[in-house]
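From just these sequences and the hints, can you work out the full model?
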Amino acid sequence: MYDIETPIRAYFGQVLTAKFNDLGVAYDTIEFLLGNAEMLMNATNIFSKYVPNLLKILAWSPMTFVAEFLQLLPACISPTTASEVLHSLFDLPCLSATLQAQYLVEAVPNITDLNLLPQYNRCLASFQDAAHKLMFGHFLRSETGRGDTIDRLGNLHLLLSDFSHHQRVLAAAQIAPQLVRMFFKVVLHGGDVELVSQLVPVLIERTALLFDIPSFMTEMRR
Numbered sequence: 001m002y003d004i005e006t007p008i009r010a011y012f013g014q015v016l017t018a019k020f021n022d023l024g025v026a027y028d029t030i031e032f033l034l035g036n037a038e039m040l041m042n043a044t045n046i047f048s049k050y051v052p053n054l055l056k057i058l059a060w061s062p063m064t065f066v067a068e069f070l071q072l073l074p075a076c077i078s079p080t081t082a083s084e085v086l087h088s089l090f091d092l093p094c095l096s097a098t099l100q101a102q103y104l105v106e107a108v109p110n111i112t113d114l115n116l117l118p119q120y121n122r123c124l125a126s127f128q129d130a131a132h133k134l135m136f137g138h139f140l141r142s143e144t145g146r147g148d149t150i151d152r153l154g155n156l157h158l159l160l161s162d163f164s165h166h167q168r169v170l171a172a173a174q175i176a177p178q179l180v181r182m183f184f185k186v187v188l189h190g191g192d193v194e195l196v197s198q199l200v201p202v203l204i205e206r207t208a209l210l211f212d213i214p215s216f217m218t219e220m221r222r
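Just so we're aligned, residue 1 is where the sequence shown starts under the UniProt record's numbering, counting upward by one.
Simulated from the structure, these hints should not be mistaken for lab results.
Backbone N, C-alpha and C define an ideal beta-carbon position, used for all residues, glycine too.
Incorrect hints may have been included.
[Claimed, not checked] Derived lysine-lysine pairs resembling BS3-like cross-links, with alpha carbons at most 27 Å apart: (1) K19 to K49; (2) K133 to K49; (3) K185 to K49.
[To be verified] Computed Cβ-Cβ distance ranges for the label pairs, DEER-style: (4) N110 to V186: 41 to 51 Å; (5) G137 to S161: 16 to 26 Å; (6) L114 to L158: 49 to 59 Å; (7) N45 to S161: 29 to 39 Å; (8) L23 to D151: 27 to 37 Å; (9) D192 to N110: 45 to 55 Å; (10) G145 to I4: 18 to 28 Å.
Next comes the structure, spelled out in structure tokens:
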């Protein structure tokens, strides 16, 4: 019998981790998911397990893929993933900032020493600091099931604040409210009272703990 899990893990776990920012890979991935969503939901765990990696595509190219992700989001929501997905949508600008920091550090490992982008030095130095590895690692995870959120999220917001005016991060902040509204539309339509009751505390917690972009904070609390 053919083992479908191995190629799925190789592509959605490993290839996307390395190539989420390749537009060709991103387009092909999204097109494949949209064209085969029902079959994939029934036969695989792609939508439930690899949401963090899929969201990297969106966080890197927010305006390019927002319409597609609004279509795909319902497939990613289940009683076991809903809380983590909701946290991830609130954290979308943070994910964009983290991916941008990772990109710069990988491109020029000694970027802070060279002082090439001094406006980002604090965040880039923190990204390279082992003391913050677990915090940044939460956003860079490839699979669900490793925790909905992290302690000291406010501290991470401060570290990422260097990127709060970056165009990619601002774009992620602009689309996040649309995704959260779609999320609750799907959940409420499902009529799962127990799930809704589990998500209300998350909503209250996260509307009080948002990345400091004024327009983002206003829209998420509306």
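Of the numbered hints stated previously, which ones are contradicted by the structure, given in increasing order?
Checked against the structure, the only hint that fails is number 6, while the rest are satisfied.
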